[in-house]
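Student: Take the given structure of chain Z and dock chain X to it, following the hints.
Number of protein chains: 2
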Amino acid sequence: MSIKIGILGYGNLGRGVEAAVKVNDDTELVAVYTRRAPESLTINTPGVPVRSVAELEKGEEPIDVLVICGGSATDLPEMTPKFAALYNVIDSFDTHARIPEHFANVDAAAKAAGKIGIISAGWDPGMFSLNRVYADAILPCGKAYTFWGKGVSQGHSDAVRRIEGVKDARQYTIPVEQALDAVRSGSNPELTTRQKHTRECFVVAEDGADKAAIENAIKTMPNYFDEYDTTVHFITEEEMKRDHSGLPHGGAVIHSGTTSEGTKHVIEYSLKLASNPEFTGSVLLACARAAYRMNNEGMTGAKTVFDIAPAYLSAHSGDELRAHFL
Amino acid sequence: MSIKIGILGYGNLGRGVEAAVKVNDDTELVAVYTRRAPESLTINTPGVPVRSVAELEKGEEPIDVLVICGGSATDLPEMTPKFAALYNVIDSFDTHARIPEHFANVDAAAKAAGKIGIISAGWDPGMFSLNRVYADAILPCGKAYTFWGKGVSQGHSDAVRRIEGVKDARQYTIPVEQALDAVRSGSNPELTTRQKHTRECFVVAEDGADKAAIENAIKTMPNYFDEYDTTVHFITEEEMKRDHSGLPHGGAVIHSGTTSEGTKHVIEYSLKLASNPEFTGSVLLACARAAYRMNNEGMTGAKTVFDIAPAYLSAHSGDELRAHFL
Chain Z
6 MSIKIGILGY
16 GNLGRGVEAA
26 VKVNDDTELV
36 AVYTRRAPES
46 LTINTPGVPV
56 RSVAELEKGE
66 EPIDVLVICG
76 GSATDLPEMT
86 PKFAALYNVI
96 DSFDTHARIP
106 EHFANVDAAA
116 KAAGKIGIIS
126 AGWDPGMFSL
136 NRVYADAILP
146 CGKAYTFWGK
156 GVSQGHSDAV
166 RRIEGVKDAR
176 QYTIPVEQAL
186 DAVRSGSNPE
196 LTTRQKHTRE
206 CFVVAEDGAD
216 KAAIENAIKT
226 MPNYFDEYDT
236 TVHFITEEEM
246 KRDHSGLPHG
256 GAVIHSGTTS
266 EGTKHVIEYS
276 LKLASNPEFT
286 GSVLLACARA
296 AYRMNNEGMT
306 GAKTVFDIAP
316 AYLSAHSGDE
326 LRAHFL
Chain X
6 MSIKIGILGY
16 GNLGRGVEAA
26 VKVNDDTELV
36 AVYTRRAPES
46 LTINTPGVPV
56 RSVAELEKGE
66 EPIDVLVICG
76 GSATDLPEMT
86 PKFAALYNVI
96 DSFDTHARIP
106 EHFANVDAAA
116 KAAGKIGIIS
126 AGWDPGMFSL
136 NRVYADAILP
146 CGKAYTFWGK
156 GVSQGHSDAV
166 RRIEGVKDAR
176 QYTIPVEQAL
186 DAVRSGSNPE
196 LTTRQKHTRE
206 CFVVAEDGAD
216 KAAIENAIKT
226 MPNYFDEYDT
236 TVHFITEEEM
246 KRDHSGLPHG
256 GAVIHSGTTS
266 EGTKHVIEYS
276 LKLASNPEFT
286 GSVLLACARA
296 AYRMNNEGMT
306 GAKTVFDIAP
316 AYLSAHSGDE
326 LRAHFL
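Protein sequence lines correspond, in order, to chains Z and X. Its first residue numbered 6, the first sequence is counted upward by one per residue in my numbering. Its first residue numbered 6, the second sequence is counted upward by one per residue in my numbering.
Isolated chain Z, as found in the complex (with noise of 0.2 Å):
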């Protein structure tokens, strides 16, 4: 019996969860809910029904775990609880400085309700934040960095594509050689934001567009780019669609910590994506997992990846994961 699993907005992460489900063969994608006119919508997986998320609001459909794809600004502080009130449910949360109150919310409402709500997964909050959690416990008396990229910023190419006379354009994160050599040879570094990334962006201008204030503007952005060297490329938009139609990402979890004098270790965990949406989609998908397996065992309530035993995630049996795993 598979795992029962709709789908709540289908953008780029809701793509990369159906991808997800094609190749894990304990689930099954039931349904992939929009708020857009369901007809409107066709999806990758044949057979499988566009459905309004005024029926899943319902609280009827049937599905084991819904995993919700939406933004973190607005929707999802609002999707989150309503439907943890009804489902059991997955989310990628990831404005920091509201999670303890997403937290309580979610909670509150899985809790009434009986179901699990997993918020703030993927892989940064996600894989990279169990890597902190991890690390730190192991090595007390140490340091993490956290380095993204190479790899495609949405928030800073939408904001690029604001300003005027940009027609379309692509910033890609990458992080300085130089600080990950420093922080690899144990040293902990003090690095400014400067010396950890540069963004590195690929605009196309609209036909006659000042391209020396587009650059200016970017380059002088606050909090998108003033603290951080930037490097700015025109291209066609035939490059454009050629050579950064992707969305790879990527980036590493550093630790150097000691255990006694002079004896010093280092835990590093990185990622190279070819899809930032596919393999977030991945990792909700596992914790789609783990939420109808805990969920069957009575727990309920919020959670995070801190709270879930690795082995709800993985199809395979306590058994098999302590034969070939461990």
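Keep in mind that a hint or two might mislead.
Unchecked claim - Straight line, CA to CA, 25 Å or less: simulated BS3-like cross-link-like pairs of lysine-lysine: (1) Lys246/Z - Lys201/Z; (2) Lys246/Z - Lys27/X; (3) Lys269/Z - Lys148/X; (4) Lys9/X - Lys27/Z; (5) Lys216/Z - Lys246/Z; (6) Lys9/X - Lys63/X; (7) Lys269/Z - Lys63/X; (8) Lys9/Z - Lys63/Z; (9) Lys155/Z - Lys269/X; (10) Lys155/Z - Lys148/X; (11) Lys116/X - Lys9/X; (12) Lys148/Z - Lys27/X; (13) Lys27/Z - Lys269/X; (14) Lys148/Z - Lys155/X; (15) Lys269/X - Lys269/Z; (16) Lys63/Z - Lys155/Z; (17) Lys63/X - Lys116/X.
Unchecked claim - Here are some of the chain Z residues that sit facing chain X, going by a computed Cβ distance under 10 Å: (18) Ala184; (19) Gly213; (20) Ala217; (21) Ala295.
Simulated from the structure, these hints should not be mistaken for laboratory data. These numbers were taken from a predicted model, which means no experiment stands behind them. No residue lacks a Cβ here, since even glycine has one placed at the ideal position from N, Cα and C.
Tutor: Here is chain X on its own, set in the frame of chain Z:
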């Protein structure tokens, strides 16, 4: 109130756990237990008693968790079930073929006593195992490779020491760079034992020993060396002491997998350890913290790292973890 730790066995690993207790404020070393005459042992923590294992067997020692630092060949199969009937226990059992049997024995004893017994903790088995499971759960269409080193293999060093004419020896296991590169590229290569690792031995020969015969005995030794490219260096006792007195180790688990046609992701977890026993001891201590808490919540029986929600390993509260690590 700190977690009261007992250490059974005071070899390299026992001293590693002792070092870990010193840098974890929520733990406290209550006693070291030994099969030797207690008065013959001086430990690195002033004021902490060394007691006989016979005291431990009475089941009345004031400890929350016993960390058992014995060998997997004969010590742990007997000790861990025996003491799991009396205390929460942790071990680093690493004889892969016998893990199911060991798990069952510890499970029965610990359940009957209402205790927890965490087996096979450390880095491999342990953190490497965890990373194999996480990666497989996220990317089931993929393949994991484990590399060890550069580091000292104590089993192989001991094997060389048993050769006639050898006074002392140290064996380093070294991953082959080309193999690492091929795996990191995501090409999922087929690799033989010889292609993955080389072995390097530093040997102090007895006066007048036949060095050619020693070198030949090493290189042709079944199971230990015959399937590897091995280099042998003869050095002086002084050089051994000066250059090879540490026990560094490390390695990497690299998993590459796809989520859709042509979409390849690479997950890597790597360790560079200045002291294998101190790092292993640090993992055991984090597991001791988890055992104590899980048992306080009513959980009993045998566990592995797969069964431990990461939050249990950390000294920080759930609120702290969500605020600072997620």
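Student: All hints, please: hold or fail.
Tutor: Against the structure, the hints come out as follows:
Simply put, Lys246/Z and Lys201/Z have alpha-carbon atoms about 29 Å apart, too far for the 25 Å limit, and the pair is violated. A distance of roughly 57 Å separates the Cα atoms of Lys246/Z and Lys27/X; the hinted pair therefore is violated under the 25 Å criterion. Between Lys269/Z and Lys148/X, the direct Cα distance comes to roughly 30 Å. Violation of the 25 Å bound is thereby established for this hinted pair. Between the alpha carbons of Lys9/X and Lys27/Z the distance comes to roughly 48 Å, so the proposed pair goes past 25 Å and is violated.
With a C-alpha separation of about 20 Å, the suggested pairing of Lys216/Z with Lys246/Z holds against the 25 Å cut-off. Only pairs whose Cα atoms come within 25 Å are accepted, and Lys9/X paired with Lys63/X is accepted, the gap being roughly 17 Å. For the suggested pair Lys269/Z and Lys63/X, the alpha carbons sit about 39 Å apart, so the restraint of at most 25 Å is broken. Pair hint Lys9/Z plus Lys63/Z holds up; C-alpha atoms about 17 Å apart against a cutoff of 25 Å.
Using a Cα cut-off of 25 Å, the hinted pair Lys155/Z and Lys269/X holds, with the two alpha carbons roughly 15 Å apart. Taking the CA atoms of Lys155/Z and Lys148/X, the gap is near 23 Å; set against the 25 Å cutoff, the hint holds. Restraint check for Lys116/X and Lys9/X: the C-alpha separation of about 21 Å stays at or below 25 Å, so the hint holds. Taken as a hint, the Lys148/Z and Lys27/X pair is honoured in the structure, with Cα atoms around 18 Å apart against an allowance of 25 Å.
A C-alpha spacing of about 15 Å is found between Lys27/Z and Lys269/X, which places the hinted pair at or below 25 Å, so the restraint holds. Only pairs whose Cα atoms come within 25 Å are accepted, and Lys148/Z paired with Lys155/X is accepted, the gap being roughly 23 Å. Simply put, Lys269/X and Lys269/Z have alpha-carbon atoms about 33 Å apart, too far for the 25 Å limit, and the pair is violated. Annotation: proposed proximity of Lys63/Z to Lys155/Z is violated, straight-line Cα distance about 43 Å (limit 25 Å).
Proximity of Lys63/X to Lys116/X is assessed by CA-CA distance (about 19 Å); at most 25 Å being required, the pair is judged to hold. Because the smallest distance between the Cβ of Ala184/Z and any Cβ of chain X comes to about 17 Å, over 10 Å, the interface hint for this residue is violated. Nearest Cβ of chain X to the Cβ of Gly213/Z: about 38 Å, over the 10 Å cut. The hint is violated. Nearest Cβ of chain X to the Cβ of Ala217/Z: about 38 Å, over the 10 Å cut. The hint is violated.
Residue-level restraint check for Ala295/Z holds (minimum Cβ-Cβ distance to chain X is 9 Å; threshold 10 Å).
Violated hints, in rising order: 1, 2, 3, 4, 7, 15, 16, 18, 19 and 20; the structure is consistent with all others.
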